[in-house]
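Peer 1: Read off the chains here:
Number of protein chains: 2
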Amino acid sequence: MAISFTVTARDPGTDARTGTVACEHGTLSTPAFMPVGTAATVKGVWPGQLREMGYDCVLSNTYHLYLRPGHERIRNLGGLHRFMGWDRVLLTDSGGYQVFSLSSLRKVEDGAVTFRSHIDGSLHALSPEKAVAVQEALGSDIRMVLDECVEYPAGRREVEEAVRRTTGWARRSREASRREEGGLFGIVQGGMFRDLRVRSVEEVCALDFPGYAIGGVSVGEGKELQREMVALTAPRLPAEKPRYLMGVGTPADILFAVSRGVDLFDCVLPTRNARNGMLFTSAGPLSVKQARYAEDPLPADGNCDCPTCRSFSRAYLRHLYLQKEILSSMLLTVHNLHFYARWMERIRQAIMVGNFGEFVKESLGSGVE
Amino acid sequence: MAISFTVTARDPGTDARTGTVACEHGTLSTPAFMPVGTAATVKGVWPGQLREMGYDCVLSNTYHLYLRPGHERIRNLGGLHRFMGWDRVLLTDSGGYQVFSLSSLRKVEDGAVTFRSHIDGSLHALSPEKAVAVQEALGSDIRMVLDECVEYPAGRREVEEAVRRTTGWARRSREASRREEGGLFGIVQGGMFRDLRVRSVEEVCALDFPGYAIGGVSVGEGKELQREMVALTAPRLPAEKPRYLMGVGTPADILFAVSRGVDLFDCVLPTRNARNGMLFTSAGPLSVKQARYAEDPLPADGNCDCPTCRSFSRAYLRHLYLQKEILSSMLLTVHNLHFYARWMERIRQAIMVGNFGEFVKESLGSGVE
Chain A
898 MAISFTVTAR
908 DPGTDARTGT
918 VACEHGTLST
928 PAFMPVGTAA
938 TVKGVWPGQL
948 REMGYDCVLS
958 NTYHLYLRPG
968 HERIRNLGGL
978 HRFMGWDRVL
988 LTDSGGYQVF
998 SLSSLRKVED
1008 GAVTFRSHID
1018 GSLHALSPEK
1028 AVAVQEALGS
1038 DIRMVLDECV
1048 EYPAGRREVE
1058 EAVRRTTGWA
1068 RRSREASRRE
1078 EGGLFGIVQG
1088 GMFRDLRVRS
1098 VEEVCALDFP
1108 GYAIGGVSVG
1118 EGKELQREMV
1128 ALTAPRLPAE
1138 KPRYLMGVGT
1148 PADILFAVSR
1158 GVDLFDCVLP
1168 TRNARNGMLF
1178 TSAGPLSVKQ
1188 ARYAEDPLPA
1198 DGNCDCPTCR
1208 SFSRAYLRHL
1218 YLQKEILSSM
1228 LLTVHNLHFY
1238 ARWMERIRQA
1248 IMVGNFGEFV
1258 KESLGSGVE
Chain B
898 MAISFTVTAR
908 DPGTDARTGT
918 VACEHGTLST
928 PAFMPVGTAA
938 TVKGVWPGQL
948 REMGYDCVLS
958 NTYHLYLRPG
968 HERIRNLGGL
978 HRFMGWDRVL
988 LTDSGGYQVF
998 SLSSLRKVED
1008 GAVTFRSHID
1018 GSLHALSPEK
1028 AVAVQEALGS
1038 DIRMVLDECV
1048 EYPAGRREVE
1058 EAVRRTTGWA
1068 RRSREASRRE
1078 EGGLFGIVQG
1088 GMFRDLRVRS
1098 VEEVCALDFP
1108 GYAIGGVSVG
1118 EGKELQREMV
1128 ALTAPRLPAE
1138 KPRYLMGVGT
1148 PADILFAVSR
1158 GVDLFDCVLP
1168 TRNARNGMLF
1178 TSAGPLSVKQ
1188 ARYAEDPLPA
1198 DGNCDCPTCR
1208 SFSRAYLRHL
1218 YLQKEILSSM
1228 LLTVHNLHFY
1238 ARWMERIRQA
1248 IMVGNFGEFV
1258 KESLGSGVE
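The listed protein sequences correspond, in order, to chains A and B.
The letter at position 344 of the first sequence is residue 1241 when you use this note's numbering, and the numbering goes up by one with no holes.
The letter at position 208 of the second sequence is residue 1105 when you use this note's numbering, and the numbering goes up by one with no holes.
Treat each hint with caution, since some may be false.
Pairwise CB distance ranges (calculated) [what the hints assert, rightly or not]:
1. A:R1169 - B:G1199: 35 to 41 Å
2. B:G1262 - A:R1169: 37 to 43 Å
3. A:M898 - B:G1251: 54 to 60 Å
4. A:S1263 - B:K1221: 34 to 40 Å
5. A:L1122 - B:D1017: 35 to 41 Å
6. B:K1258 - A:M898: 54 to 60 Å
7. B:G1251 - A:D1017: 55 to 61 Å
Taking lysine to aspartate or glutamate and the EDC-like style, the derived pairs with C-alpha atoms no more than 16 Å apart in a straight line are [said to hold, decoys possible]:
8. A:K1004 - A:E949
9. B:K1221 - A:E1222
10. A:K1138 - A:E1099
11. A:K1221 - B:E1222
Please keep in mind that the hints were generated in silico from the structure rather than gathered at the bench.
Even for Gly, the Cβ is constructed at its ideal location relative to N, Cα and C.
Looking at chain A on its own, in the form it has when it is part of the complex (with noise of 0.2 Å):
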């Protein structure tokens, strides 16, 4: 099954949308948020709990499971959903994020990106062909093609290279994808030229892609920066098709993309705070290493009805972040992605009932952030 995508309500003030990505493992409400998986596994969670969270989808990262333990022996072993006891929705980047970000000694040409593994100094290749066939072996729902992510800042002339050569390797991915189920989707880049994002999107679009993502942001920007482009980009992409902001973001930056008309979303941060002692909560961000909190009995999240929440004190949660217990990991993180969930659930109900606007007011003026 190709995937499909039906919008089903649209926002009269904004351009937030709700919709359902129907995949072969399942149907996403849009807007939606996908934690992050990296090595098929969301650090600290079982996969039970993600399910009883409200969560269809789960991000994990081709480049860490290319490396460790090997695509073929994912798919040797029934596939990643089988192999991390996922049976719902999975998305997969194309690597290439990681290539550039983590590995070393990369050198980018138009057939491929050569770069040595972070983990052992091994030499790999990486081509367009080669990230939809990792990926296809794999067998998640959701691939990403190829693109080539630029730092910023960049020059001018790097970023229309990176648009050029990221036009390309989205058509080489495109005719390289062998898999029905599911879909490929494109990306755009641009980084924050304003008429490279519009060519970018042009090119990417002429392709046909079930998907469009906006790559090239949540690298160094800022938040005044990644929102221009995200309002440049996101109303220009098809909007029969879902739009997916990638590697984006606190609350706010989710409310912001969905208002431009984003509807999914990935981020490391609730998870990767968690593991850093930090909450997210009605009240905002609440560090749990704190003294102030060493006999504190209240729950983290007054307004919040998580397990973590309903059984736990702050001096609790204190004392294993401070303990280094595994514990900590494992309630903070249930409690971050508690708190991403009933959010994304709270915007896909302000917009059906047409109450989006109202929503985005009163959120950042009690102070979302």
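Let chain A serve as the given structure and place chain B on it in line with the hints.
Peer 2: Okay, now just chain B, sitting in the frame of chain A:
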């Protein structure tokens, strides 16, 4: 409510028995195994998962909680049950074992042991009265008297002195006990000297505690000596009181001790081994790190219905372990604790149907270690 113990079945061929220990926070079916939750958490599992596995009692370590976050702090937060989100039975040790094994610069006198914290080197004194007071602040159901646990090997004079001191401390602990609920257990020492074991049993049991523990084993003496001491000591403890073998052991160790009339067990083996990649299975120990499991699609134990074996392959467990993923400790700990819970269930079942002798023979024949 004070502790009450009822024997519900006796094996005709051995000293094995089933029973119930009724405490303020619930009732244990014995023989029972208690997972170790050192710092107010059984590492890697949610309290709810322990309940789902059938555990009714968790052990926590007084030494660790006294140092961090402090017993007064836990008392102020409503006690250890509320602090760690565990509403069933809690057993705390006296702190003595860790003072002798973890701390430095200890000085043992009749009045108290003085020692330096293994965390920050701060100086502390632990007396029998203090050990009782700390445990009463924690609010545990079953509390242990302070005893002197000697290393192995130890000379006769040293052990004789420890027996004398242990008896004196037991008497003082009993006198210091203020809390009606639950109960304070006595502990028998005596090293590897048969006559000193017998003397310690006589002296400590004369003080009439609601339960008795066999201490001073699992200190490096080896299986043969350990079993000799258990076989000597357990049957001499009052039959109408629960008998607790501290810090033991493997499934086979437990089987042996049950056959000599022991009712309660705790041990770090299932949880610590899990974190080191070692699983208990019906076919013997399994080390997930081995290369032979790299593409093995089978569950860790084909005869196991735990959440780990129901969903995940050996290949996935190996991958998580090698990647040092948090989920590795989580999945392996759940499996091992599930294995121990089922093991105790089978032991109780065999005793109740009068089939324990056969069960022991079959188990040892099938390679249980």
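Peer 1: Under the constraints set out in the numbered hints, which ones does this structure not fulfil?
Peer 2: Of the numbered hints given earlier, those the structure breaks are 2, 5, 8, listed in rising order.
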